[in-house]
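Starting from the structure of chain H, add chain R where the hints point.
Protein chains: 2
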Amino acid sequence: MAATQATYDELLDSWRKATLLGSVQNQLGWDEQTYLPPGGAAHRADQMSLLAGMVHQQLTAPRLGELISALETGDKPAGSNGVFEANVREARRRYDRLTKLPTRLVEELTRVTSLAQQNWVEARKKSNFAMFQPWLEKIVALKREEAAALGGSKGNGVPYDVLLDEYEPGGKTADVAKIFAALREALVPLVRAIANAKKRPDSSILTRRYPKAAQAEFATAAAAAIGFSFQDGRLDVSPHPFCSGNGPGDCRLTTRYDEHHFPCAFFGVLHEAGHGLYEQGLDRKAFGTPIGDAASLGIHESQSRMWENFVGRSAAFWKHFYAQAQKTFPEALGPVSRDEFYGSVNSVEPSFIRVEADEVTYNLHIMIRFELEQQLISGKLQPADVPAAWNDQYTQSLGITPANDAEGCLQDIHWSGGGLGYFPTYALGNMYAAQLFVTARKDLGDLDAQFAKGEFMPLRDWLREHVHRLGRQYLPGRLIEKITGKPLSHEPLVAHLKAKFEPLYGL
Amino acid sequence: MAATQATYDELLDSWRKATLLGSVQNQLGWDEQTYLPPGGAAHRADQMSLLAGMVHQQLTAPRLGELISALETGDKPAGSNGVFEANVREARRRYDRLTKLPTRLVEELTRVTSLAQQNWVEARKKSNFAMFQPWLEKIVALKREEAAALGGSKGNGVPYDVLLDEYEPGGKTADVAKIFAALREALVPLVRAIANAKKRPDSSILTRRYPKAAQAEFATAAAAAIGFSFQDGRLDVSPHPFCSGNGPGDCRLTTRYDEHHFPCAFFGVLHEAGHGLYEQGLDRKAFGTPIGDAASLGIHESQSRMWENFVGRSAAFWKHFYAQAQKTFPEALGPVSRDEFYGSVNSVEPSFIRVEADEVTYNLHIMIRFELEQQLISGKLQPADVPAAWNDQYTQSLGITPANDAEGCLQDIHWSGGGLGYFPTYALGNMYAAQLFVTARKDLGDLDAQFAKGEFMPLRDWLREHVHRLGRQYLPGRLIEKITGKPLSHEPLVAHLKAKFEPLYGL
Numbered sequence: 002m003a004a005t006q007a008t009y010d011e012l013l014d015s016w017r018k019a020t021l022l023g024s025v026q027n028q029l030g031w032d033e034q035t036y037l038p039p040g041g042a043a044h045r046a047d048q049m050s051l052l053a054g055m056v057h058q059q060l061t062a063p064r065l066g067e068l069i070s071a072l073e074t075g076d077k078p079a080g081s082n083g084v085f086e087a088n089v090r091e092a093r094r095r096y097d098r099l100t101k102l103p104t105r106l107v108e109e110l111t112r113v114t115s116l117a118q119q120n121w122v123e124a125r126k127k128s129n130f131a132m133f134q135p136w137l138e139k140i141v142a143l144k145r146e147e148a149a150a151l152g153g154s155k156g157n158g159v160p161y162d163v164l165l166d167e168y169e170p171g172g173k174t175a176d177v178a179k180i181f182a183a184l185r186e187a188l189v190p191l192v193r194a195i196a197n198a199k200k201r202p203d204s205s206i207l208t209r210r211y212p213k214a215a216q217a218e219f220a221t222a223a224a225a226a227i228g229f230s231f232q233d234g235r236l237d238v239s240p241h242p243f244c245s246g247n248g249p250g251d252c253r254l255t256t257r258y259d260e261h262h263f264p265c266a267f268f269g270v271l272h273e274a275g276h277g278l279y280e281q282g283l284d285r286k287a288f289g290t291p292i293g294d295a296a297s298l299g300i301h302e303s304q305s306r307m308w309e310n311f312v313g314r315s316a317a318f319w320k321h322f323y324a325q326a327q328k329t330f331p332e333a334l335g336p337v338s339r340d341e342f343y344g345s346v347n348s349v350e351p352s353f354i355r356v357e358a359d360e361v362t363y364n365l366h367i368m369i370r371f372e373l374e375q376q377l378i379s380g381k382l383q384p385a386d387v388p389a390a391w392n393d394q395y396t397q398s399l400g401i402t403p404a405n406d407a408e409g410c411l412q413d414i415h416w417s418g419g420g421l422g423y424f425p426t427y428a429l430g431n432m433y434a435a436q437l438f439v440t441a442r443k444d445l446g447d448l449d450a451q452f453a454k455g456e457f458m459p460l461r462d463w464l465r466e467h468v469h470r471l472g473r474q475y476l477p478g479r480l481i482e483k484i485t486g487k488p489l490s491h492e493p494l495v496a497h498l499k500a501k502f503e504p505l506y507g508l
Numbered sequence: 002m003a004a005t006q007a008t009y010d011e012l013l014d015s016w017r018k019a020t021l022l023g024s025v026q027n028q029l030g031w032d033e034q035t036y037l038p039p040g041g042a043a044h045r046a047d048q049m050s051l052l053a054g055m056v057h058q059q060l061t062a063p064r065l066g067e068l069i070s071a072l073e074t075g076d077k078p079a080g081s082n083g084v085f086e087a088n089v090r091e092a093r094r095r096y097d098r099l100t101k102l103p104t105r106l107v108e109e110l111t112r113v114t115s116l117a118q119q120n121w122v123e124a125r126k127k128s129n130f131a132m133f134q135p136w137l138e139k140i141v142a143l144k145r146e147e148a149a150a151l152g153g154s155k156g157n158g159v160p161y162d163v164l165l166d167e168y169e170p171g172g173k174t175a176d177v178a179k180i181f182a183a184l185r186e187a188l189v190p191l192v193r194a195i196a197n198a199k200k201r202p203d204s205s206i207l208t209r210r211y212p213k214a215a216q217a218e219f220a221t222a223a224a225a226a227i228g229f230s231f232q233d234g235r236l237d238v239s240p241h242p243f244c245s246g247n248g249p250g251d252c253r254l255t256t257r258y259d260e261h262h263f264p265c266a267f268f269g270v271l272h273e274a275g276h277g278l279y280e281q282g283l284d285r286k287a288f289g290t291p292i293g294d295a296a297s298l299g300i301h302e303s304q305s306r307m308w309e310n311f312v313g314r315s316a317a318f319w320k321h322f323y324a325q326a327q328k329t330f331p332e333a334l335g336p337v338s339r340d341e342f343y344g345s346v347n348s349v350e351p352s353f354i355r356v357e358a359d360e361v362t363y364n365l366h367i368m369i370r371f372e373l374e375q376q377l378i379s380g381k382l383q384p385a386d387v388p389a390a391w392n393d394q395y396t397q398s399l400g401i402t403p404a405n406d407a408e409g410c411l412q413d414i415h416w417s418g419g420g421l422g423y424f425p426t427y428a429l430g431n432m433y434a435a436q437l438f439v440t441a442r443k444d445l446g447d448l449d450a451q452f453a454k455g456e457f458m459p460l461r462d463w464l465r466e467h468v469h470r471l472g473r474q475y476l477p478g479r480l481i482e483k484i485t486g487k488p489l490s491h492e493p494l495v496a497h498l499k500a501k502f503e504p505l506y507g508l
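First to last, the sequence lines map onto chains H and R.
Letter by letter, the first sequence follows residues 2 to 508 in my numbering.
Letter by letter, the second sequence follows residues 2 to 508 in my numbering.
Don't take every hint at face value.
Any copy, or any two copies together, can satisfy a pair, since identical chains are not distinguished.
In silico EDC-like links for lysine to aspartate or glutamate, alpha-carbon gap of 16 Å or less [stated by the list, open to error]:
{"no.": "1", "residue 1": "200", "residue 2": "503"}
{"no.": "2", "residue 1": "320", "residue 2": "449"}
{"no.": "3", "residue 1": "77", "residue 2": "332"}
{"no.": "4", "residue 1": "381", "residue 2": "138"}
{"no.": "5", "residue 1": "18", "residue 2": "47"}
{"no.": "6", "residue 1": "286", "residue 2": "47"}
{"no.": "7", "residue 1": "381", "residue 2": "237"}
{"no.": "8", "residue 1": "155", "residue 2": "462"}
{"no.": "9", "residue 1": "127", "residue 2": "413"}
Just so you know, the hints here were simulated from the structure itself, not pulled from any lab data.
Just chain H, same shape as in the assembly:
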């Protein structure tokens, strides 16, 4: 037992050190997106590559493998409460992923995706898929190789499973496909009904003039109100909004301000603050251990989408905040009633760009990408055929056809960065959020009444207790089941969307 403890301690110590070094990389990444002078890019790349190499070396040290094996086969310490097992499980997952990939493949992926991202920026600017096609071909080939190296092609292995598993541990392609199909079946008629509805909110309210400084002030106040700590974090500007959890007490959000588009910054900040609350709610004592991190990208997204949509776009939220909004933006909102405003922030309209999509159609964008990715990885779809397949899918699912590749298959950064398997986590996040929200409502009583009074701490603290502080102790599917008492289902999300949008559109 003492031997187990010593082995365990050594594992955790090494892991903490590597994570601490990784958190430095994170900090430099944040700086790169916010304050790095343009001329410093090459030097920053050198710093990042040095750190990446060092972290990789530390996490693939043969000694770590020995420690993990010893812990897997040795006695379990008494009273571990599952933390010990979870740490060993997560250490194994990470160690295996890192050591199973040949160095040559890792280096080639790094090199190709770095070049591909630059190329994608150009290709998107010119709306020219042909420019990007050879890079997508290389990337798909490398990701198939990666899937094979990780065992996704052996026996009954599904190559896409192991790619998905990177972002959503334990996630299975077949399960995702099944739940997506069920969700789609409910969404398509809802989208159609909304499209044909007579009653329509006036979304032009949102494109009036909203001075940037006032937006920053208002969004900051809202983020603070939902419990994001600015003592332990900050909000800056970057071209692509993100949340960076740099370590205990240091979580940084970014946004961008568009003077003529209110939702961009405001809901963007609520979204990133939702991620930020997760980071700020992680158990500080577990920082640097294998389970010290968020459970998965899907669970992370559930937090951002919950605060953005379930809270931030609710009627109750605006009962509390609308007077302040009118005071902050008298020119734009002076003559607008609260109900009109609530309608406008919940406009539903099939559109081409995923990141601008509304709560109802968003998931259809995800399903299209999930479908195409599977076909790319299985070889059923050739990269050259992506634009046609993409446009077909949009026509079928959303009833609209992209006029060009920039508003079609070139819109997302993910593929150019090698992030195949990432997209499903967005829609999973929406479903996780809905299911968690039902349980929160059961546990906390009338959430709407609380929001209307500006009381957001009960929900934040409930999430902290049930989700945040646990880190990666449970696989995401198990975590949801543990909290809500049921496996993940599409039903809570569908119920939420119907309850909200049917009255809004007079259905």
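The following block gives chain R in isolation, referenced to the frame of chain H:
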């Protein structure tokens, strides 16, 4: 010869890697002073300590010592132009300093100075030297130990020499004492004459209202005009202004804005931009090699003081900039003539606080600290007696007596951080600047005429060519002699001050 080249390459490669990692530490240090959320301080300390340990380990690796020794005793490569020798010399200096100090002493110094700095902040706030005294005692004892470990007490060794050498390589206490005495002899009568002068500029102009945003815009324009590249750098706000050269293409300045004190930000930015020009002018190809860095703190200070005082406080500079200043600050400067303004930014007045001192009295502040530091290190002065000795010196040199320790011996951060030996570099910097400026004027012709037309690139490029790009290739004393044809003298500074201040004060 091939063997020498391989050894040399290995040394430079290792050095580059350690420097690159050190530059990450630098970046985190910048962030700590600018954007780090308060709650992230402990995590940041963990990151810094991890990186410091790794850099230290890399730079004290026995293999490095072997490489340096081999290069010292082996053949010199043909056509090294002195770069090879300088790299070996600087590697030896750094390696010896790092390896001669026992780990216990390094750790104790880190621990004590970290606590002492917190303590000093409190002691200064309360103007209570007794609170800080035990820490100063510990620090002086540790610095004496450090000096002994570095050989400063052996044979004819002067302990203060090895402390000075940390900041001003090759600097000797006796030489500094001699040149300071000569400078003092010229300064004291000048200060006295100015104090008794009938003609006095109106410095109250500078405490009118200068809106912060306008200050930022004006200072940024001035920094850009003297050649600081904002493509390769930036300007932010921090409580204590500094310049951080994070690596090629990434040099960051900070300042602070006081709405009712114009010089603070404006001359502060010119000062830091002077440092920044040095960093931006270093040879990029030499980055990470032992000579890739600035020559010394004194040479660094010569650059900042030259742009701040010799350029920024010159009549010619304001010939170019004053119209813009009046346009930027109409309320404060509308009714002020250029001559009045020029006088106001050159007010001379004995004062207690070094960082606010004018060009003439500044060096006397430095000499006081140099004197007291030597006595502390030699044991002639006990820390308990510092306040009395400090106040005596101010009375003698500047004719004013501090009313309390906050405006007396507690004003500077240096001692609490263990930086004994640092102060002399400030006054050396002023003398270096004056002597370099004389040569620049000889080489470049009528600098005043150039400044009056807003032409600052000739001077910047001259400094780049003669100072910046050389890095640490020459020891500072040798560098000055090489450029100006003479060893460092106090005379050019005295001549500059007399030529400028005698007419201003009607002497």
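Against the structure, the hints come out as follows:
1. For the identical chains of this complex, residue 200 and residue 503 are intra-copy neighbours only, at 10 Å inside a copy versus 83 Å across copies, given an alpha-carbon limit of 16 Å.
2. In this homomeric assembly, residue 320 and residue 449 come within 16 Å of each other (Cα to Cα) only inside a single copy, at 9 Å, whereas the closest approach across copies is 66 Å.
3. When the C-alpha separation of residue 77 and residue 332 is checked against a cutoff of 16 Å, the pair qualifies neither within a copy, at 65 Å, nor between copies, at 76 Å.
4. For the identical chains of this complex, residue 381 and residue 138 are intra-copy neighbours only, at 13 Å inside a copy versus 76 Å across copies, given an alpha-carbon limit of 16 Å.
5. For the identical chains of this complex, residue 18 and residue 47 are inter-copy neighbours only, at 10 Å across copies versus 21 Å inside a copy, given an alpha-carbon limit of 16 Å.
6. Within a single copy, residue 286 and residue 47 get their C-alpha atoms only as close as 32 Å, which misses the 16 Å cut-off; across copies the closest is 14 Å, which meets it.
7. With identical chains, the CA atoms of residue 381 and residue 237 are never at most 16 Å apart, being 43 Å at best within one copy and 53 Å at best between copies.
8. In this assembly of identical chains, the alpha carbons of residue 155 and residue 462 never lie at most 16 Å apart, being 44 Å within a copy and 64 Å across copies at closest.
9. Taking the shortest alpha-carbon separations for residue 127 and residue 413, only the intra-copy value of 14 Å comes in at or below 16 Å, while the best inter-copy value is 57 Å.
Comparing the model with each earlier hint shows violations of hints 3, 7 and 8; every other hint is respected.
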